[in-house]
Amino acid sequence: MSAQVELTFPGDFVNRDEFAPSERQAAALTTTLDQPVAWSTALAPLRAGAAV
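FYI, the working numbering numbers position 32 of the sequence shown as 32, with every residue one higher than the one before it.
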């Protein structure tokens, strides 16, 4: 994947167990997660034709 997100415990987590990214990180994370969704959608026709 070309998009990457740099998360840090002090900046993006509360008490090390609750994920609370900054707005900038949330936007970058959305971009990063959108990439495999787009790839999956684009490759769906190939999977539909595969024998199971």
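Since the hints were derived computationally from the structure, they do not count as laboratory data. Quantities reported herein were computed from a predicted structural model and do not represent experimental measurements. We put the beta carbon where it would ideally sit given N, CA and C, even for glycine. Honestly, I wouldn't trust all of these hints.
FRET-style restraints, in silico, Cβ to Cβ [said to hold, decoys possible]: (1) PRO36 to PHE13: 18 to 24 Å; (2) THR41 to ARG16: 30 to 36 Å; (3) PHE13 to ASP34: 37 to 43 Å; (4) THR8 to VAL37: 21 to 27 Å.
Here's how the hints hold up against the structure:
no.: 1; hint: PRO36 to PHE13: 18 to 24 Å; result: holds, 23 Å
no.: 2; hint: THR41 to ARG16: 30 to 36 Å; result: holds, 35 Å
no.: 3; hint: PHE13 to ASP34: 37 to 43 Å; result: violated, 22 Å
no.: 4; hint: THR8 to VAL37: 21 to 27 Å; result: holds, 25 Å
Going down the numbered hints, you'll see the structure goes against just number 3.
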